[in-house]
Amino acid sequence: MRGTDLRIHLKRFRLSAGLTQEQLAERVGVTRQTILSIEKGRYKPSIELALALARVFDAPVESLFELAPDEEDGT
Amino acid sequence: MTRGTGGDGRRVFSRVGVIAIALVAAGLALGFTVHIGFLALAALGLFGPGLLREAGVLGDRDEFEREAARYAGYRAYLAAGAFLVVMIMTKGWGSLNLDNDSVPASIVLALMLVVYLMSYLFNYWGTTRASFRVLLTFGAFWGAFVVLSHGTEPVALLMESLVVLPFFVLAFTARRWPRWTGVALVALAAYTLFFFNLQRAFAGNAGSMMVFILMFVPIVGTGLALLSSGRREEEDAAS
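Residue numbers (the working numbering), protein chains in the order written: chain F, 1 to 75; chain A, 76 to 314.
So that you can see chain F by itself, here it is in the shape it has in the complex:
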């Protein structure tokens, strides 16, 4: 899997919820730098962290992190 296949919508969810990066980081037990790196696409979180983030927004995890359509088979 290539490194650019993931679309990340975390920032949109965070801003909609009115949370700062610091507040979100505190809610899921990581540093603000980790949230920043995820939002910028520099770091792909573990399944555990992705689920914890989804729980904060009461949303399915695939709405926060979405796989880009595969160009080869059109899925």
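Honestly, the hints are just simulated from the structure, not real lab data. A virtual CB, placed ideally from N, CA and C, is assigned to each residue, including glycine. Honestly, I wouldn't trust all of these hints.
Said to hold, decoys possible - Derived Cβ-Cβ restraints for the label pairs, each shown as a range:
id : chain 1 : residue 1 : chain 2 : residue 2 : range
1  : F       : G18       : A       : V132      : 36 to 44 angstroms
2  : A       : F216      : F       : T20       : 27 to 35 angstroms
3  : A       : G226      : F       : R32       : 39 to 47 angstroms
Since the structure of chain F is already known, use the hints to place chain A on it.
Same frame as chain F, now just chain A:
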């Protein structure tokens, strides 16, 4: 995932970092002025937190920080391994054995630490911010060295300060023009090779090796990271 610090991870992380830096500074200062045995303090600061984390005693890092550290460790391994093979070949050139393969341990240690630290900071802060901070720090250290060396000689101080100035300028251009700054840094790194006769490093000169590691590696590393980052940004913008 979590830092295991009772919800106050940032403060504990800072405390560990401050203690480690203090130990390294004290260890180096005392080790080179009083007794070499004090280097144990520096080793404690450099490797103590990592050993405690591996033992599960210290849980101050979250998953992103742990991954950055693992990645930095892998890069340090690659750099040190490649460097050692080159040194074994050049020192034993013409022979068919490993009798002359000695390399100063401090050189290998410095290379591992520089590559580890650079890689960790670039992963942690991202290329642009890390480049800005690394170049500012590099310029500040070099500037302090110039002032300490030529503080009583105004003309020499002025001339030597001009050498430091590009690092401050490049620190700011790194944010706006990462690719061009990367090109400038790689060119600057190539220039330092000739200016400081760093090719002697490959002939086994320990002093040149240390200058090569402390000067050439950070400059060329930052330059290549900016070049790579600038290309990725252009690809992202085009896609």
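Could you say whether the range 27 to 35 angstroms given as a hint is met by the Cβ separation of F216(A) and T20(F)?
-> holds, 34 angstroms
Take the C-beta atom of G226(A) and the C-beta atom of R32(F), compute their distance, and say whether it sits inside 39 to 47 angstroms.
-> holds, 40 angstroms
So the hint says 36 to 44 angstroms: do the beta-carbon atoms of G18(F) and V132(A) match that?
-> Once the Cβ atoms are compared, 38 angstroms apart, the range 36 to 44 angstroms for V132(A) and G18(F) holds.
The earlier numbered hints are all upheld by this structure, with none contradicted.
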